[in-house]
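Full structure from sequences and hints, please.
Those sequence lines, one after another, are chains A and B.
For the first sequence, the tail end lands on 306 under the numbering used here, and the numbers increase by one without skipping.
For the second sequence, the tail end lands on 306 under the numbering used here, and the numbers increase by one without skipping.
It is worth saying that the hints were derived from the structure and are not from the lab.
No incorrect hints appear here.
No copy labels: a pair is met if it fits in one copy or bridges any two.
As a list, the in silico DSSO-like pairs of lysine-lysine whose alpha-carbon atoms are at most 27 Å apart:
| id | residue 1 | residue 2 |
| --- | --- | --- |
| 1 | Lys221 | Lys237 |
| 2 | Lys221 | Lys211 |
| 3 | Lys211 | Lys277 |
In case you want the letters, here they are:
There are 2 protein chains.
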Amino acid sequence: MLDALDKELLKAVADLERIPKGAYNIRKNGKLLGREVSANIDIESNADGTGIVITVKPGTKNESVHIPVILSQAGLHDVVYNTFVVGEDADVTIIAGCGIHCGGSAPEGHEGIHEFRIGRNARLKYVEKHVALGPGKGKRTLNPTTKVFLDEGAYAEMALSQLGGVDEARRLNTAELGPGSAIQITERVMTDGDQRAESRNELLLLGTDSKANIVSRSVVKGNSKQDFYVNLEARAKCYGHIECDAIIMDNGISETVPALKALHPDAELTHEASIGKIANDQLMKLMSLGLTYDESVNRIIQGFLK
Amino acid sequence: MLDALDKELLKAVADLERIPKGAYNIRKNGKLLGREVSANIDIESNADGTGIVITVKPGTKNESVHIPVILSQAGLHDVVYNTFVVGEDADVTIIAGCGIHCGGSAPEGHEGIHEFRIGRNARLKYVEKHVALGPGKGKRTLNPTTKVFLDEGAYAEMALSQLGGVDEARRLNTAELGPGSAIQITERVMTDGDQRAESRNELLLLGTDSKANIVSRSVVKGNSKQDFYVNLEARAKCYGHIECDAIIMDNGISETVPALKALHPDAELTHEASIGKIANDQLMKLMSLGLTYDESVNRIIQGFLK
Chain A
1 MLDALDKELL
11 KAVADLERIP
21 KGAYNIRKNG
31 KLLGREVSAN
41 IDIESNADGT
51 GIVITVKPGT
61 KNESVHIPVI
71 LSQAGLHDVV
81 YNTFVVGEDA
91 DVTIIAGCGI
101 HCGGSAPEGH
111 EGIHEFRIGR
121 NARLKYVEKH
131 VALGPGKGKR
141 TLNPTTKVFL
151 DEGAYAEMAL
161 SQLGGVDEAR
171 RLNTAELGPG
181 SAIQITERVM
191 TDGDQRAESR
201 NELLLLGTDS
211 KANIVSRSVV
221 KGNSKQDFYV
231 NLEARAKCYG
241 HIECDAIIMD
251 NGISETVPAL
261 KALHPDAELT
271 HEASIGKIAN
281 DQLMKLMSLG
291 LTYDESVNRI
301 IQGFLK
Chain B
1 MLDALDKELL
11 KAVADLERIP
21 KGAYNIRKNG
31 KLLGREVSAN
41 IDIESNADGT
51 GIVITVKPGT
61 KNESVHIPVI
71 LSQAGLHDVV
81 YNTFVVGEDA
91 DVTIIAGCGI
101 HCGGSAPEGH
111 EGIHEFRIGR
121 NARLKYVEKH
131 VALGPGKGKR
141 TLNPTTKVFL
151 DEGAYAEMAL
161 SQLGGVDEAR
171 RLNTAELGPG
181 SAIQITERVM
191 TDGDQRAESR
201 NELLLLGTDS
211 KANIVSRSVV
221 KGNSKQDFYV
231 NLEARAKCYG
241 HIECDAIIMD
251 NGISETVPAL
261 KALHPDAELT
271 HEASIGKIAN
281 DQLMKLMSLG
291 LTYDESVNRI
301 IQGFLK
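Okay, here's the thing in structure tokens:
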């Protein structure tokens, strides 16, 4: 059922060597390749056939769902709308990700629009990796959207990364936080060549004692360009923090625009950002340990994106 | 020549108890109240009569110019266009500022549009204070603009403050930095009641080894609102830093939107921001020393805006 290329892509985006344990839904070239549900986690196609609905029963603990997407069909631009309903008190890990293999000159692309409804006191860990491989010159586009709605006391950890090979990305993350809920978003994006990546983030702190923390790590190589926007809007007693760091190499270009909007007197918002080259003293230290220049740079970047 | 009210305003905006030493130009209710030039500093009305041109001779050292504006005429909205030409290697201090006294229900306002051309290796210290006083209910508006052009090796220190009483402010600061030049902007704005203040800052780092540092301190009391924007754009090997801190009290609202644009691979840009209430432990400490709550708050705010 999985050929060698499929396996390479699944390994890259979801650390999968074989069909995963537990619930999963594997999509290849716009079609279902395989699906498994569990006693607590249901996966169904949505009403209009544009994606899937994943429902996690209240109280489900220590379960995971793999929903990787792989794409290797020239000219295909795949769009899916997936909904995740995580029941009260559940604790679940969802591993998503999209791998594109481009062998020719035709463009290939994927857009996953993911909506998360996280119930009271439920916890979600969501991991999403994006990568594009292959010798083809076709444009590879990956435009992910996540929309997170956090009920009272809910928690979401979103680990979002674009590892390389993606020519164009328009990334959008939105979150609405209820009372006592929290979200941690970590986004890591590496671009090279003439690649472009834009990340927009809209975080609405609506509930008392809600917390949002967003960390962005960008590595901008070659002639690539990355733009990062955050709108952190506080409408309650709450805490929000933005941290964005970019390493520029070669002729990379980076723009960072974080907006902090304290619309409530008990809001507490903070921000740190830095954009620059790799520090020379860090390079010198690694090179003095016997690493070459390129090895040292690589080591630092891997650490930065870890 | 100066009545009691004039003196009160001049003291508030320019620390002047009497007519200053050195060059000065005092403007009252849209008209010239007094002018003095020095051997090195010339002041002339501009060609179209809309303001003054202040010319500082190359090499001038340790001289100052006072150019306060006072306003106490109901219904007057005074607009001036002033130009400051600071010659090579000069080192000069310019003390500007505008004080409004409002006694009735008619609005009063002032807009000073100030353009600075700072020659090679010249140094400018520019101090501008804004304040509005008086029992009147008329709307007090102060919309200052500074446009700074820094030649090679030039340095500008801009200390800009709005101390209170101003109902509406649209503040704009722009700077274009040549090679090896540097600018330090410190803006302090306090609002209360239903006051609104907006500060826009556009800093263009054009020259190699140019440096920009902008610090914003906001105190947002009552139902007031402050918006702070920076666009820090790096087009050369350069260094830029933004620091914006806001203290929110009562029902104050604050928005901070700093944009960091690294358009050159050797640009280094950093940013820190925090918006929040006064820390409780700071208050407790002062109150344990015998200060009342209000005294403690006041002490902290004065320190923050110092």
